[in-house]
Amino acid sequence: MQFIQQMINGITIGAFYALVALGYTMVYGVLKLINFAHGDLFMWGAYLGLTSLNVVLGLVVQGSAWCILPAVVVVMTTVALAGVLVERVAYRPLRTAGRLAPVISALGVAFILQSLARNIYGASYKTYPNGITPAGGFSIAGSARVSVMQIIVLVVSFLLMGALYLFIQRTRIGTAMRAVSLNHDVSRLMGIDVNRIIAVVFLIGPGLGGVAGMIVGLYYGSFDFTLGWTYGLKAFIAAILGGIGNIPGAMLGGMLLGIIETLGSGYISPQWKDVIAYVILIVILIFRPTGLLGERVAEKV
Amino acid sequence: MATMENTWARLRKMNSLWWQIGLIVLAVVLPLPMSDYYRSVLWRTGLYIMLGLSLHIIVGYAGLFQLGHAAFYGLGAYTCALLNLHFNVPTLLTLPICVLVAAFFGFLITRPILHLRGDYLCIVTIAFGEVVRLALVNNIFGITGGANGLSGIARPVLFGMALRAPIYHYYLMLFFLVITIFAVQRLENSRLGRAWMYVREDEVAAEAMGIDTTRVKLLAFVLGSGWAGLAGALYAGRVTVISPDQAKFMESVILFCVVVLGGTGSIPGVFVGTLGMVTLPELSRPLKAWRDAWLGVAMVGMMIARPEGLWPSRRVRMGLRGEQNEPTLAHAIDE
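Those protein sequences? They're chains D and Y, same order as listed. So for the first sequence, the working numbering puts the first residue at 298; every next one is plus one. So for the second sequence, the working numbering puts the first residue at 11; every next one is plus one.
Because the hints were derived from the structure by calculation, they are not lab data. Virtual Cβ for every residue (Gly too), placed ideally from N, Cα, C. Please note that a few of the clues may not be correct.
The calculated BS3-like cross-link candidates involving lysine-lysine, where the alpha carbons are at most 27 Å apart (straight line), are [unchecked claim]:
| id | chain 1 | residue 1 | chain 2 | residue 2 |
| --- | --- | --- | --- | --- |
| 1 | D | Lys423 | Y | Lys258 |
| 2 | D | Lys570 | Y | Lys258 |
| 3 | D | Lys423 | D | Lys570 |
Partial list, derived from the structure: chain Y residues whose beta carbon lies under 7 Å from chain D [as the list claims (entries may be wrong)]:
| id | residue |
| --- | --- |
| 4 | Asp46 |
| 5 | Tyr130 |
| 6 | Glu140 |
| 7 | Leu144 |
| 8 | Ala157 |
| 9 | Gly159 |
| 10 | Ala299 |
| 11 | Leu305 |
| 12 | Met309 |
Extracted from the complex, chain Y is given alone in its bound form (with noise of 0.2 Å):
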């Protein structure tokens, strides 16, 4: 047990940088021998990794819990169909727009409820969640095209080439993914991802320290959102097809799952939550009628066993395990 310890804490020391290329070019690699159904399980476990980081800056890094991000990834993919199907423009080119309009969105939407916390907050983003799913099966406006969604979504074309085999897209999810991670680990780091978790341990020390709390948690939520909406665009892209499904609350659970089961503030948990909740339930097609219930079984366990995630963030795990005595909100309000 402790030589592997020893040899784990090695594996740490080692430049993250080599690890990082070397994980790239296994994602390079991986799917060539594949066949084309677990390259688009692939994909698939990219784009809900590239969600999952987009949510895990607002529940990971802010501590806001959003229940309704799904909403955001149906505004992208509404976004990049509309634009493509109304005015021809090339499904990549819209992706900035799709972002935009995502990031605006959750700017109009989370801009009246910052001062909300904890269930509260959880509540309102679920209704805002279904207020967008509903808007899209009653055909807002004439141009959601319903409960059946919009069809016929261009192809992203790439060097005047249409990509059509998984692959393409898999290789296209990647280059996005690792600006991603790429992005959201710069962030971590910043000033603006240090008051975020300032925000997330303790609002009323952040504030008094100076930070602007308001401020901190609307870019979280603008930031959170715009990167939805990207991955929404590169589903459309894919698909071809969406429908007001995409922004269905089990979609937003999923996301919201990925994020905390993994491990809360971690990117590597965004990762292990993925394979978790999307991969391998994606693998198991024979278990599917039985999917729920494996998710529900684990989520419950996992709760139980690891609170903290299997994958944390080194700082959460000292909160989670270091202090037995830490006041719940319960008690908070008994004060």
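Isolated chain D (complex conformation) (with noise of 0.2 Å):
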């Protein structure tokens, strides 16, 4: 029965992956650009989460789950503000810097993320109270559990996604989003405004990021400030193993990435599992640059 533990389990950390790289690849779509100030967005929604959910617990005598969604809320809105002042501030002035600049622009924002992170709340492992989400699970298929926290996030993960697909197919923004993920100025002719859309994105990713962070810190309970940075990267190589810039294989690629990567903990050796996930990646790029669901790009001469 380890083998479906496995799964359960595996399913479970892609969901998080997958909210995170659909920041990055959303990001991707309209800049082309990687933001690697991603994930330390996502791990700065852990520590306002953590912060959040304190003051929260401070003002209501009996604490229970329901805490968390006030917290939540909180979360996600200053999270995706945030994001979009890094746009505003790091990336706007360079939209037409070339390549390398918006890169090392984002790599700084990466690095004052970390650092502020680092002098506020320090260096130590931070721990989410206890108590709080709720404990217990069903045993299935033997001796395979699932716990409720388990169940939660998958539902609450699903949820935002599948808001998000149906908000990128069916609305008005969405489709101006796909539309200037496929060119900038042809959009701006049909009266697309470029950097109000950039900016909705800018809201989006790193909202789901922050929410994202906020349920890796509730289910793991304790983190630190290198979160951002491990997490980003996995969460990066799901973006890319689903085709970057590809909504629907963001969240493919992340499931994909959880399960292979709980997998060969399980049954290679957990020291080792970042090692495959690197080499998955690199043996993507190798041999099928735009990932799974990716179209050709074709060069142009």
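Take the two lone chains and join them into the complex the hints point to.
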């Protein structure tokens, strides 16, 4: 029954990767930029979640699982606004500056966010308050167990991803987003405010990332400031695995990466699980650089 | 303002040989009145200039994004340590082997990924760097000592004297640094160097002109990696304790910034970049906690105010400032 258990764990971790990967893939879609700061915005989600949860618990005498909801709203808004701010300050002035400058700028923002977190919250591990998340679980298929928390994680992630998918496919802003990811100039000619659409992307991506950060914090209980880097890179691998710029691809990539990684650490060695993820990335990029669902981009001469 | 520019132009026209001799003399004299701490800082500056120049070949000349360069620096250091600890090879004699090992790994790793460009290359190099680091942490083949690394590497011995004091290491570094600068400068104007810059500016056109782009790019990676291996070995000889931290992503990012912030494609740019990214933060120890934040602000600010770097090569500056409407990759994909 170890296999089923590993699958359940893998899908849960995959859901985190998918949520974060969405932020990378959306930004890459509209700006063709690897937003290295995204992982650190996600990490800030975990820290802000902790702070706002403590505040809420301070106000409400009886702590229950519902205390998480207002905290989630606060985290989502704050991190989303931070994302927009980052875009406005560090990326927008560089939109015509070529390839190298925005990458350096993104790395710079990542440095800033990480350093801020370390100086404000300290370098040691932070722990979420105990007894907030619902405990318990169900046994399925013999000895395999699904905890209530895992079910909540999966339901929340799938709801968010489904909502995002519908938003992109069905609404006017979503359509505009897809247009911008194809071509900025033509979109502008069609009356789309490109800057506004990019701001919306930087609102949604980091917003989802922030929530993911808080869920990761709640799920594992403790984390430190390197969370952004480790999860950020993994999520980025997930985005590439599914085909960068492709939103269902990011979801698929995240799930696959989570499952492969958990199976790898279960059956091969937990020490080498990160190496497995990186090797997958390298192999995919060598043999199918467009990812599983990505379209082939013709090379122009 | 105009007179200043005139003076500057006249200084530029001065025979560059005199400049270089002057700089070397300055570098020899500079540490003499200093305390050991400042001598160590100078040594560190030299080390990073050397590493920066090795990456400069890859990023600056050939225009290839390499964000895992620290892995080769680490490989050089580990090769030196292993040869010294297990086979008692004197540290200085391991140098050529370290260069070869790092260059060989550079070849192995980059050969399959040469057809990638831009972002994809950048990500693959990050992944390779992390694989190397994790392999070192996981004590691969039981020889790398795990997360603690290796210790007890013998000091380099020169003319029967073990080099201990920082100043000796500084001069040793300076010796190799001068060779490095000379070699990189010669490369810049060589047939190969021109081919690199051609590939950087326009790969398709370069190929059409008969340049074997795969070979040229591979050479950039192999030379750059090998040189980083040399720097790693010198580091191992100086500190005698090495750990996988040397190969961590942060190091690679710092090296990348050293090359890009100073000005892509220019050797003085690497000097300026090292001063900004390594030396100044090292000297401002009280601000150490905020070091990364300050680096980040500097990186973002620099890119907005002066994307061509502080001391760019003339060719790159003309390219960046002259053509406002140069198409970006985003456009290239759109069209």
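Next item in the hint list is alanine 157 of chain Y. Is there a CB on chain D closer than 7 Å to its CB? 11 Å, violated
Given hint methionine 309 of chain Y near chain D, where the shortest CB pair must fall under 7 Å: Nearest chain D Cβ about 3 Å off; hint holds.
The hint names leucine 144 of chain Y as touching chain D; please verify it with the least Cβ-Cβ distance against 7 Å. 5 Å, holds
Would you mind confirming whether the straight-line C-alpha gap from lysine 570 of chain D to lysine 258 of chain Y stays at or under 27 Å? Roughly 17 Å separates the two Cα atoms, so the pair holds.
How about leucine 305 of chain Y: closest beta carbon in chain D under 7 Å, or not? 5 Å, holds
With chain D as the partner, please determine if aspartate 46 of chain Y meets the hint condition of a C-beta pair closer than 7 Å. 29 Å, violated
Grab the minimum C-beta distance from tyrosine 130 of chain Y to chain D and call the hint holds if it beats 7 Å, violated otherwise. 6 Å, holds
Holds or violated: are the alpha carbons of lysine 423 of chain D and lysine 570 of chain D at most 27 Å from each other? Holds, at roughly 24 Å.
Verify the proposed pairing of lysine 423 of chain D with lysine 258 of chain Y, using a straight-line Cα cut of 27 Å. 23 Å, holds
Take the shortest C-beta to C-beta distance between glutamate 140 of chain Y and chain D; is it under 7 Å? 5 Å, holds
When the least beta-carbon distance from alanine 299 of chain Y to chain D is tested against 7 Å, hint result: With a closest approach of 6 Å, the alanine 299 of chain Y hint holds.
Do the numbers back the hint for glycine 159 of chain Y, that is, is its least Cβ distance to chain D under 7 Å? Hint on glycine 159 of chain Y: violated, closest Cβ of chain D at ~16 Å, above 7 Å.
Violation of the numbered hints given earlier is confined to hints 4, 8, 9; the remaining hints are satisfied by the structure.
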